[in-house]
Amino acid sequence: MNEKKRKIRVLIAKPGLDGHDRGAKVVVRALRDAGMEVIYTGIRQTPEAIASAAVQEGVDFVGLSCLSGAHNNLFTRVVRLLRKKGAGDIIVFAGGIIPAPDIPKLKKAGVREIFPPGTSTRDIAQWVLQTAKEL
Amino acid sequence: MNSLIVRRILGGDVGAAARLMRDLDDEIPAARAALRGLYARAGRAHVVGITGSPGAGKSTLADKLVEAARRKGQTVGVVAVDPTSPISGGAVLGDRIRMQRHAADEKVFIRSLAARGSVGGLSRSVFDTVTVLDAMGKDLIILETAGVGQDGIKVAGAAHTVLVVLSPGQGDDIQAIKAGVLEIGDIYVVNKCDHRYSEQLARSLLLALEGTAPRDGWTTPIIKTEAVSGKGTRELLDVIGAHRSALVSGRAWERRSMNMARTAFMELLETGAREFISGELAREKRWRRTFSDLASRRADPHSAARSALRKLLNIKACK
Amino acid sequence: MKSARKPRTLAAPSTEKVRGKRQPAKTNPGAKLRLRARRWEADTLKRSLARLPERRARFVSDSGLEIKRLYTPLDLGKNDYLRDLGFPGEPPFTRGVQPTMYRSRLWTMRQYAGFGTARETNQRYRYLLKNGQTGLSVAFDLPTQIGYDSDHPLAEGEVGKVGVAVSTLQDAEELFRGIPLDKVSTSMTINSTAAVLLAMYIAVAEKQGVRTESLQGTIQNDILKEYAARGTYIYPPRQSMRVITDIFAFCRKRLPKFNPISISGYHIREAGSSAVQEAAFTIANGIAYVEAALASGMDVDSFASRLSFFFNAHNNFLEEVAKFRAARRLWAGIMRDRFKARDPKSCIMRFHAQTAGSTLTAQQPDNNVVRVAVQAMAAVLGGAQSLHTNSRDEALALPTEDSVHLALRTQQVIALESGIADTIDPLGGSYAVEALTDQIEAGALDYLRKIAALGGSVKAIEAGYMQSEIADSAYRHQREVESGARVVVGVNSFEIPEHPARPVLSVSPGVERLQRRKLAAFRKKRNQRRTMTALENIINTAGGTGNLVPPILEAVKAGATLGEISDALRKVFGEHREI
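Protein chains in written order, with my numbering: chain A, 93 to 227; chain B, -9 to 309; chain C, 82 to 660.
Pulled out of the complex, with its shape left as it was, chain A reads as follows (with noise of 0.2 Å):
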């Protein structure tokens, strides 16, 4: 009965020295359209302001989004800080340029699922919407 009431919380954060936030703005916006709490840390985040972020906003899901290339160094910090801080719970999920090999390497560090360039929001909104329940 509860259950129905909860708000899906999600953080989507700029992790590293990448400034373009096209692709997470527009994201931010697509969540808030299908019902969900969003919250924007804007670009230029550490690993580590994001992961105490998430842990101060109660989040359900962290969506990390890099452009640069560092996705792979950037993105398995976030997951090991945020289980260091015993929010492990905490699904992460990730778009931006990410080369296929790197996506498996990823998966297996504990980012849930990441959505390639050209990835429609819908199908974002509703894997969030669909992953959310397990919660």
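Careful, some of the hints might be misleading.
[Claimed, not checked] Computed cross-link-like contacts, SDA-like style, restricted to lysine to any residue with a CA-CA straight-line distance of at most 25 Å:
id, chain 1, residue 1, chain 2, residue 2
1, A, K99, B, S78
2, A, K99, B, L14
3, C, K540, B, S78
4, A, K199, C, H580
5, C, K531, B, S188
6, A, K99, B, R287
7, A, K99, B, G84
8, C, K149, C, E122
Hints were generated in silico from the structure; no laboratory data involved.
Given the coordinates of chain A, work out where chains B and C should sit on it, guided by the hints.
Okay, now just chains B and C, sitting in the frame of chain A:
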């Protein structure tokens, strides 16, 4: 289990506090029990509300106040409220962007809340969130409203000190002056003070405030800031501290605290009553006669409502 | 002096009224044409539509401008040939900035490149030059762009990724090894650390024995669009503007052939803006730079001719061609009327163009070759002075050598086989292109007025105005793609199952380790005292009003690193945070 959560939060466990805030926001009944343990330990923090029109620079100002407070060694909580989209029920909580540089500072806890359709714009769980931060021992709690229409007024019942932020050149500020924020501000901030119209705004504000009598022995000052560069924000924090001292020495602190408690209490009563009534009205069968009497003009709405209220409130209300 | 151009309204003005004022009604050719047009609509068109309806109820450009079924002289409204189009090489430069355009000299084919270490990038440059490229364009990695040395904690994972890592003069020397700096022109995409990279470039040239005065090239140095769209800022806006005007003044004296800024709409467009917004925000930023330079005491004609621009060449062909032409005309008018430039050269908008990275798709990447060709043609027909064509695989990763090669060949085919470079502004006079040019100009003027009301570009950016306008456009675009209202071939139509098998280039993590080692050795070798003195000198100059470039040049020569110099300035200027 609840006492464990309470102990952890009192011990400064950010994760436990954040989860409790979330449960309170989602109205999980068990969370309310945990809050009981925290409520008794809260009541020490100085709650500062910030209101003002969108674009006035509230978040940037809040960020700079956090910085100034941290320099003084104070611990800080921030609660930032943004509106919920009436169409999707979702929300973009964007105030954090401007304060995110404090994210990794353990002595700062920033929490974004969506208004979630609560009447008056302050999120229903604002009071609870503030209680948790207060119980965690934060010295200063900054409460930033979404800043549209009535929310500004509402914040007056949720804070010890109310900052009204205005910035020149937006045209709507004089409107805001007229719209009743003059009654609620303890401190007026003219932000973006390097703007060519800032003097003009400060003057018209001064003029408008002239007639108002000092409240709680405090004459409302007008402070000029430029939040983007941080100009004037340290002075502003000093004035906020001075307001607290004035409240305490004038015995108005208790009065404000009582008023805040009253607002929170009223909010819960109203919400409870509204939910109870809409729950009752949902049981269509019972009310069908009343509705048809009203529709066919056999009864008038005022009398019908009064007799319904009498009937409903006699029943043991509220779960 | 010609009369000031009147801004036009978005709606096509009534020809009848305008012509009616100028000429007696009975000899009015517009009236006759209008009559015939109405008759065509009522008869021929109506019959055809009944049989064969149009594909859509409404056709719009990428920017949302309504595209009419047919353009005729009636759409040219108040357009006056001599005033609005004129001749190439003469104000208002609508038809082009040089009298002969590509008949004398083709545009500079300038492929943006850089990755990994200076040594690897140097090899790519030599490859490109050997293959007929005529100018260099340096891509720096993000730490270099944001003022962190390769061994800074915030650089972790980013070293050599989106461009070459340059922390020291030694890196810069390796980057240009064997490339004669007096022969090539070099464009550097560098903004908040532009002064440092410029200083390194000068120092390398001096070591090669090249005179500073003969250096040709461009530094991007456009900080305003970094706050609005691209994100590689360091200092707050006002302090950044001071560094920029210092660079202007320095270049005017010491590097007269160098463009000290490239005012960029490219990234504004990539961030999601419309064509109109791209033109408007770029020009608004240009106005802000001119104002800052004037405020610093410079005379408009002493620097204006060295201002250069950088635009996006996007998909919507006619709109893009019109955009370039409109921007040129607008700028000429602003320089003449608002800033009272006396030298016609001050009114010239020279620009570099790059095809639109955001239109590249990860799906069916070979389709990107075609997109790039169409976009490149728009840039050429729009009169670009230099051009970068994107590689087909850039939505997947860094481009491979094969892909870069193909992108360069695309330009060469356009230049030497298509014939479109053989006459000047061949689309000038097209009813559609001229009408769109007018429309874009009018739309941009609307924005310029709004920005002026907010207090200019710096204030508008500080208030988040440009950012939110851009984000709104980006979201609208995305929704159109997802609803199918906007077709992206291979993405929302004509999709096929694909396996990403194409080889992609990746930068090895070894680059970071190598850079760290090199930096440590470099720092050990230098004269510490001399370095520290030079850095203190920067701090003192930054606290005062002197020109910052000479002490930065001195520090570079004294072995100070890019990160150390940036830190020195951070101490005085503070740091900007996202708004």
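Now the hints, each set against the structure:
With a C-alpha separation of about 12 Å, the suggested pairing of K99/A with S78/B holds against the 25 Å cut-off. Distance check on the hinted pair: K99/A and L14/B sit about 12 Å apart at the alpha-carbon level, within 25 Å; holds. Proposed proximity of K540/C and S78/B is contradicted: the alpha carbons are some 33 Å apart, above 25 Å. The straight-line distance between the Cα atoms of K199/A and H580/C is roughly 19 Å, inside the 25 Å bound, and the hint therefore holds.
With a C-alpha separation of about 20 Å, the suggested pairing of K531/C with S188/B holds against the 25 Å cut-off. Of the pairs offered as hints, the one joining K99/A and R287/B is violated, with about 42 Å between alpha carbons and a cut-off of 25 Å exceeded. Distance hint between K99/A and G84/B is fulfilled; the C-alpha atoms sit about 17 Å from each other, no more than 25 Å. Between K149/C and E122/C the alpha-carbon distance is near 13 Å, which keeps this suggested pair within the 25 Å criterion.
Violated hints for the displayed structure, listed by number in ascending order: 3 and 6.
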